[in-house]
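Enquirer: In case you want the letters, here they are:
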Amino acid sequence: MISSPISAKNLCVLRGDNQVLDNVSFTIDAGDIFALLGGNGAGKSTTLLTFLGLISPSSGQALINGVEVGADIQGARAQISYLPESANLYPHLSAYENLEYFLSLAHISRSPEEISLSLDEVKLAPEARKKPLSSYSKGMRQKVSISLAILRRSPLLLLDEPTSGLDPLAIDEFNIILKTLSNLGTTIFMVTHDVYGACEVAKRVGLLRQGKMTSMFQAREDQKISVDEVHQAFRQSQAS
Amino acid sequence: MRLGDIYFIAKDEWRYWFRSRLSLSAIIAASLLLVASLINTTHQVQTESATREGFQQEAVKTFESQPARHPHRMIHYGHYIFRTPTPLSVIDLGVDASAGTVMFLEGHRQNSTVFPPNYSNAYAGQLADLSPAFAYQMLVPLLLIILGYASISRERELGTEIVLYSIAVTPMRLWLGKTLALGASAVITLTPLVVGLSFAVSEGEPVWTAAYMFLGYATYLLTWVFIITATSAVCQRSASAFTTLLGIWIVLCVISAPLASSIAETGKSYEGKVASDIAVQQALRGTGDGHNEADIAFNQLRAELLRQYEVKSVESLPFNIRGIISLNAEETQTKILNRFSDQRMEQAKAQTQVIYWLGLLSPTLALKNFSVNIAGTSLSEYQRFQRQAERVRFDFVQKLNTMHAEQLTYDDDIKRSIDPLSEQRTRIDSHHWKILYATSHHENFEVARISESFPHFLALIFWCFFAAIMAANVAKKGDKNVA
Ligand SMILES: Nc1ncnc2c1ncn2[C@@H]1O[C@H](COP(=O)(O)OP(=O)(O)OP(=O)(O)O)[C@@H](O)[C@H]1O
Ligand SMILES: [Mg+2]
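From first to last, the protein sequence lines stand for chains B and G. No gaps in the numbering here: position 141 of the first sequence is 141 in the numbering used here, and each next residue is one more. No gaps in the numbering here: position 397 of the second sequence is 637 in the numbering used here, and each next residue is one more.
Only chain B is shown next, with the shape it has when bound in the complex (with noise of 0.2 angstroms):
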């Protein structure tokens, strides 16, 4: 039996003495896009961490390729490209030497020319590509930052708030390259405030409230997930 890439079973976290994670169940297949909605503070972010290893779960499982996390940290990391909640690069460095650097240190090598087309596709200004990251707005910085996860061609891919920062063109090419990369196999873990964007990409999408998963909606063969069955569950949960 083929175990799924990403898998939650029963995930339990705390974070101090907070129950942030409840229970958590859910399961990503291959080549998936799978999406996490939920209020601040309801766990998303964690829920990602988990998967890294940076958290350890007080109970359940958080498994990658069916093997728990935790037994093999390096492993599952290996697998993995993930982008953090705000974009986490150099400001000291410009976007070529940050993604030089990071993917050294992962044991990729790119070609420039690839990665100049990778800040194409992220539609990164070419005349700022040169300059250190001190002098770029938030929105240039999360290109860098998606560019740095697409170069790695990881298998998996975890992505926290992926889209915040961007202009609504930037947003709409993202979304064309999720697809493009769920298309060539890559399975997909994104945490995001955007709605719209997680009924338009995603095969599945998970309402997260206050730590427990409390509805999952499933795209169907034909028809992508609907908006507004999407935002009236996130308004009742909320109300609730």
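I should point out that these hints are in silico values taken from the structure, not numbers from a laboratory. Because the structure is a prediction, the values reported are computed rather than measured. One or more of the hints may lead you astray.
Unchecked claim - Pairs of lysine to aspartate or glutamate, EDC-like flavour, derived with a Cα cap of 16 angstroms:
#, chain 1, residue 1, chain 2, residue 2
1, G, K575, G, D635
2, B, K138, B, E85
3, B, K203, B, E229
4, B, K203, B, D29
5, G, K251, B, E97
6, B, K123, B, D172
7, G, K251, B, E100
8, G, K720, B, D72
9, G, K639, G, E346
What the hints assert, rightly or not - Label pairs and their calculated CB-CB ranges:
#, chain 1, residue 1, chain 2, residue 2, range
10, B, S111, G, V427, 51 to 61 angstroms
11, G, R261, B, K224, 48 to 58 angstroms
12, G, L382, B, N18, 38 to 48 angstroms
Every residue gets a Cβ at the ideal spot worked out from N, C-alpha and C, and that includes glycine.
Please build the complex by placing chain G with the ligands on the supplied structure of chain B, with the hints as guidance.
Expert: Leaving out everything else, chain G with the ligands in the frame of chain B:
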């Protein structure tokens, strides 16, 4: 093993330093200071040597150009002995800066070292502090702190630490990379030391003692590298890492040395100078005045000599009894004086011994102790000079006393103040002065220096290992406290 990662991380850290104004100016300022300190001490040691040499030549000339004289007058005329600085004193002036380098040797007295008369003491007082030893003990750790305090905490604040871990860089490798970067800069700061040591070697210092000194300083700086990267790995904020490190620096580099000295002083107190002088005078009383052959203290000696040579009066002895009495008196006095000076030296040493043990509490103290001992500018080395000078003095005086006994007749000797011819005959020829003058402290005590510095070297190694193990232990848990 992905050793390449460590190198990439180190290289990036270097790139960061070169792009950050603070780091770059710290590097430049520290390099200038190190070079300045080396020029300063080299200049100081060379000027001193030149002054000393000039003074010494003059003293030798004056002594040797003395006309034929009565040997006892030459005993009182005395001569100077000079302490040649060890080549390694260009690195660490130690007690040389304050202990004096020339000693006047004469009969019946043990003098202490002084500075040559035309030696500019003000210069030593003001600038002696800026020696390479001082720069490496105090200032280079500060430079390393400025460079490294944020090495890991900065990544934590930027959030890049999480990204690094997410691409399977281990916390251990991150720490090793940062440590390599800081360690490499520590090694680079050692360049002026290597220049100074090479200079010392060219002046006659054996290569292996120079290499050993280098190793001690390198170990010390490496200890700091570990302390700094570990602190940076533990602290959530760079600001708190900086404050913590500054606190450690103040305790280890600023407070520990004076604290250790004051502990040593309260622990073992010196006998007061006046009290000890009185004790010496009391002990010397009754030993007899060597200038006065009639002193009752020599009655027994006189009787023994008369019996041994089967003669009735001192005039009939085959030698000049005045010389024999001088020889005898000098020997008795010297024994007493040596007993007291040994006592004083032991007391002084006991004080430094306390500081040596306290060296285990601070790597800076350990390095200070190590450095002066290997450089040959320690109290022990100074005491070796004192003992050696005393041997030279005793030898010089007794040679003259022997001449007094063997080459002068008793008859001439007692009549010399009334009979000009006798007076002429009691002068010995001036060619003797050439043989008598022993000029300087030339003996090299490498073996003693190595063995005296070795315990401190062990303390340094202990500190380095201790810091490394602590650092590795806190660093490897780095990914448990980022999120
Ligand atoms: N370092 C931390 N220590 C303790 N508790 C934390 C820490 N970080 C987050 N939390 C708590 O964990 C809970 C979930 O936080 P998390 O960051 O996962 O939320 P989120 O769903 O990503 O929110 P947002 O949409 O604002 O990003 C919150 O209640 C938060 O207070
Ligand atoms: Mg979040």
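Enquirer: Name the hints, by number, that the structure is in violation of.
Expert: 10
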